[in-house]
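Asks: Sequence:
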Amino acid sequence: MPGHPPKQPGHPPRRRGRLVSWYRGRSLRSRLALLTAAAVAVVIALSALACWFVVRNQLYGQVETSLKQAPPLPANPRVLCADNPQKALADAQLDDRRPPNKWDTQLVSAGGEYCFPLGSTRIIKSAPSDFTVPDTPGYSFRDGSFQDGTPAMIRQSVVRVDGKPYTLLVAASVAEVEDSLRGLALLLLGVAGLGVVAAGVTGRLVSRSALKPVDRLTDAVEHIARTEEVGTTIPVHGSDEIARLSASFNSMSVALANSRERQTRLIADAGHELRTPLTSLRTNVDLLIRSDETGRALPAVTRSRLLGSMKAQMQELTVLIGDLLQLSKPDSPKPGGVLSVVALHEIAHRAVDRARLRGPGLEFRLAIEPWYVRGDAAALERAVINLLDNAVKYSPPAGTVEVTLAAGRLTVRDHGPGIPSDELPYVFDRFWRSPSSRQLPGSGLGLSIVAQTVRDGGGEVSLGPAADGGLGTVATVRLPGQPEAPELPGPAD
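Numbering (the UniProt record's numbering), first residue to last: 1 to 493.
Keep in mind that a hint or two might mislead.
Once the Cα atoms are required to be at most 25 Å apart in a straight line, the calculated DSS-like pairs of lysine-lysine come out as [what the hints assert, rightly or not]:
(1) Lys212 <-> Lys68
(2) Lys125 <-> Lys68
(3) Lys164 <-> Lys125
(4) Lys311 <-> Lys393
These are computed hints drawn from the structure, not numbers from a lab.
Since the structure is predicted, the reported quantities are computational estimates derived from the model, not experimental observations.
Given the sequences, and given the hints that come with them, work out the whole structure.
Replies: Structure (structure tokens):
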């Protein structure tokens, strides 16, 4: 019609969308209570419906059984017939006799004639099937009613009166049965309503009890977010999913606390190590500026010595910053990272060539066999160089450094004073330096970088005294790999 916009087919989905949005906007506790109440409501409804149908079938079955027990008409019954059922019934009621049982009886012919036994009291409302007189004996049942509207169950069968076939209708009232069923339906509906309410309350109580650990976990997370106090833990009870979640949170919280502690210690140690060269640089720069401001030039030898010292300190700062950048990387490689095939023996040869430049008076004895590993080539080369630098630093003049690589086991041995046994547990700690070597250059990060790189490659590293009992220290690195280069896939056709 004009003036009325057409109905949009999307209204039901929008209503469903609003219902879903409303449900998702509820708290988890409310959703659990709703789901519990809904599940119980469905179970109660199905149970009540099944109960009602069972009782209904039993009650109607009893009526049907009673109709089966109704006695047949005598051989020549006295009946009054007419085309009008009211007239036939009125004539039959003139006889003061009453039917000897509780059933109402009526005969219907194919021609539309109605007959009532003497003493009949009610008219059975006929159906079209009543006027089709069956040819075979037996009976069937149908639902119907009396003329006054009272519901009834009706039995149909064939009978002959004076040689003429009739459909015999025997009816029993089911009004009491339907009243009982309505009362039962109201009772079941009330019980179902109370069950749903009780299920909702119980679901609320159960969800509150079940979600208490989640509340504690939420409080702990909010406390950490508000105060940034990592390391907070919550008690764990049992071994269910909530307990596993709590244990996982505790592990994460402790790991974050340890990570923050390591970060704080790294920053403090880095600041301490940076302070020394920066202080020396500032002192030397102040001397040069004061010399220029006062007009009293420093002797050439002194000025050259200051500039050399500044250059050395700048180099020390550069090395220290590079080491800090290396240590700032994650302790483990990123998942799914692509590692290249690295020839460890070639890295060892290049590292030895660089070490010869730093220790020109030293002798290097090599026994290097091919070994291929998967890892970061630059990081591995730096780790091997750090081991050789450490050996060069502690070797005596004209000493010997032995480098061996066999079956994935790389060893670097110097013949210096060695490391005391009580200091060995700390050699891979960041910024740790032996008291006897604090006067030597270095930041105390070289071996930490070695340990981190080897762990990232899935290997092991150790440092200890020489196995033969002689002077010196032996650094050992074990990396998984193979003596032959792996075959790489060829280019695609």
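Asks: Against this structure, judge whether each hint is valid.
Replies: Hints versus structure:
1. Simply put, Lys212 and Lys68 have alpha-carbon atoms about 64 Å apart, too far for the 25 Å limit, and the pair is violated.
2. For the proposed pair Lys125 and Lys68, the alpha carbon gap of about 20 Å is at most 25 Å, so the pair holds.
3. Distance hint between Lys164 and Lys125 is fulfilled; the C-alpha atoms sit about 22 Å from each other, no more than 25 Å.
4. Restraint check: the Cα-Cα separation between Lys311 and Lys393 comes to about 20 Å, which is no more than 25 Å; the hinted pair holds.
The structure fails to meet hint 1 from the earlier list, while all remaining hints are met.
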